[in-house]
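Residue 1534 in the numbering used here is what sits at position 309 of the sequence shown, and the numbering runs on without skipping anything.
What the hints contain is simulated information worked out from the structure, not anything from laboratory work.
These numbers come from a predicted model, not from an experiment.
C-beta: ideal position from N, C-alpha, C; glycine also.
Misleading hints may appear alongside valid ones.
[Unchecked claim] Below are the DSSO-like pairs computed for lysine-lysine, each with C-alpha atoms no more than 30 Å apart in a straight line:
{"no.": "1", "residue 1": "Lys1518", "residue 2": "Lys1548"}
{"no.": "2", "residue 1": "Lys1598", "residue 2": "Lys1518"}
{"no.": "3", "residue 1": "Lys1616", "residue 2": "Lys1708"}
{"no.": "4", "residue 1": "Lys1546", "residue 2": "Lys1560"}
{"no.": "5", "residue 1": "Lys1518", "residue 2": "Lys1620"}
{"no.": "6", "residue 1": "Lys1712", "residue 2": "Lys1236"}
{"no.": "7", "residue 1": "Lys1712", "residue 2": "Lys1598"}
{"no.": "8", "residue 1": "Lys1560", "residue 2": "Lys1548"}
{"no.": "9", "residue 1": "Lys1620", "residue 2": "Lys1649"}
{"no.": "10", "residue 1": "Lys1398", "residue 2": "Lys1348"}
{"no.": "11", "residue 1": "Lys1620", "residue 2": "Lys1645"}
{"no.": "12", "residue 1": "Lys1525", "residue 2": "Lys1548"}
{"no.": "13", "residue 1": "Lys1698", "residue 2": "Lys1518"}
{"no.": "14", "residue 1": "Lys1647", "residue 2": "Lys1674"}
{"no.": "15", "residue 1": "Lys1708", "residue 2": "Lys1598"}
[Stated by the list, open to error] Label-pair ranges, simulated between beta-carbon atoms:
{"no.": "16", "residue 1": "Arg1564", "residue 2": "Glu1703", "range": "23 to 33 Å"}
{"no.": "17", "residue 1": "Ser1511", "residue 2": "Asp1561", "range": "40 to 50 Å"}
{"no.": "18", "residue 1": "Leu1397", "residue 2": "Ser1250", "range": "52 to 62 Å"}
{"no.": "19", "residue 1": "Glu1656", "residue 2": "Thr1533", "range": "47 to 57 Å"}
{"no.": "20", "residue 1": "Ser1511", "residue 2": "Asn1582", "range": "31 to 41 Å"}
{"no.": "21", "residue 1": "Thr1533", "residue 2": "Asn1657", "range": "17 to 27 Å"}
{"no.": "22", "residue 1": "Ser1250", "residue 2": "Thr1427", "range": "25 to 35 Å"}
{"no.": "23", "residue 1": "Glu1459", "residue 2": "Val1240", "range": "32 to 42 Å"}
{"no.": "24", "residue 1": "Val1464", "residue 2": "Asp1292", "range": "21 to 31 Å"}
{"no.": "25", "residue 1": "Asp1658", "residue 2": "Val1240", "range": "28 to 38 Å"}
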Amino acid sequence: MNIYSQKRSWKLFLVTFAFVIVVVSLWYTNRFLNNLALEEQRQIRIWAKAISQKAELVNYTEHLFDDLRQKERRYVNLWAQAIKHLGTAGENEDITFYTEVVSGNQDIPVLVTDEEGNVTATKNLNNYYSSIKQLSDSNLNQFTNYKPIKINYYEDRINFIYYRNSSSYYRLKRTLDDYTEIFLNEVVKNSLSTPVLITDSTQTNVLSFGGNLDSSEISGSSRLASRIAAMRAENTAIVVDLPGSPHSYIFYENSQLFTELKWFPLIFFFVISLFLILSYTLFSFSRRSEQSKVWAGMAKETAHQLGTPISSLMGWIEVLKMKFPDEEAFKEMNKDINRLTLVSERFSKIGSVPNFNDEDPVEIIESVISYMKVRTAERIEYIFINNMNQKHLLKLNRHLMVWVFENLFRNAIDAIGTHKGKIKVYITENENDLIIDVSDTGKGIAKAKQKSIFNPGYSTKKRGWGLGLSLVKRIIVEQHKGKIFVKASAPNEGTTFRMVFRKS
């Protein structure tokens, strides 16, 4: 009994120690992840601030280009007015300023037509446009998108001045476009591997995306809205003004590394727990198999050791019978010899594969009750209730099953002690199984000890070996493929053992 108490204590200690290890590990891992999250959030804030500053720079550059476009248009207006004044100036008027304005345009392409679209003058144009005599709609669309400037140069005669931005403007514009593209690439291909999504002000059109974000996750309005909602739940969106798309939104979420690390402790402990459970199960199975072989070997050896003196005793009784044929004591001695022979056969069958025959469990129970009644005090009352609808034969080994019931009855008698008590056997059936309950009115078994009573060596008696219930379980479970367990028990209220056998 101390062995199993110590075993339970060690199990409790190991479980507690393992629990402490798990709690400490989870606490440390959680602390590490929190620090990692703070560091990642700090990096994201730095990255977001840099993105905002770059966006401001790009937006500021776009404003500069707007100013440059306005400045060039004002210059073209001034140039047109200078052309007009040159055409209307008097002979004595100083036209130096106007000629300097007209000759000072060295970069802005200008094309002048009359009311019929005939080209009357060009400035800073390539050979193609310089050779055009009549400005068609297609040429006009290719040349410029700006509205022409009208000038009245003689009474009601009107000229149209068409222009486009200077070559310097377009060179700078290409640089700006390249810079904007580089900016977007830096946003979506950041070193943090953070999923990033850039949308317009309506949050329905995707300008760019990157990180670990897949295009299938944002295809369609419903998926896009769902992804944006998930990102907004993790982090606040960054609002930036991009060229051509003011008030754009940059959505982002935690990196893949952080997300994976968040699940790592649970997966790690799950794998370790699974490994430990599997290892413990295999070890327990191996230990039980080894115990089973040891008990089987001991049983066979016990049967073998009993066989020789029993045979010798039977021979000596026969010799004594021949000398004293009328002696009545030999009959009682024969009963004891037969009893020893039965015990030897039982041990022999436990240690080997027994023979099974079609047996009636009701008849076996009744025979054991009859046997036990004459060998126990009158204070023990036996009750047998057969609740089966018909007779059932099971594949049983009669000798071993008799031993099972004798053992259960003797344990019940010991539990009842010197008081009056009852031993009740109740047999019933369901669709697939035959069920036998053996109940007593003894002192009962504490709930904490109910799982240990079938262990070899467990006994509540000072001189008990603790083998009875262990052998009962081996006979029922391993040899007859049935089940046995404590159905109900409580201190001073008795115990009920339940056996379940599969119908033949």
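- Item | In rising order, the numbers of the hints this structure does not comply with | 1, 2, 11, 12, 21, 22
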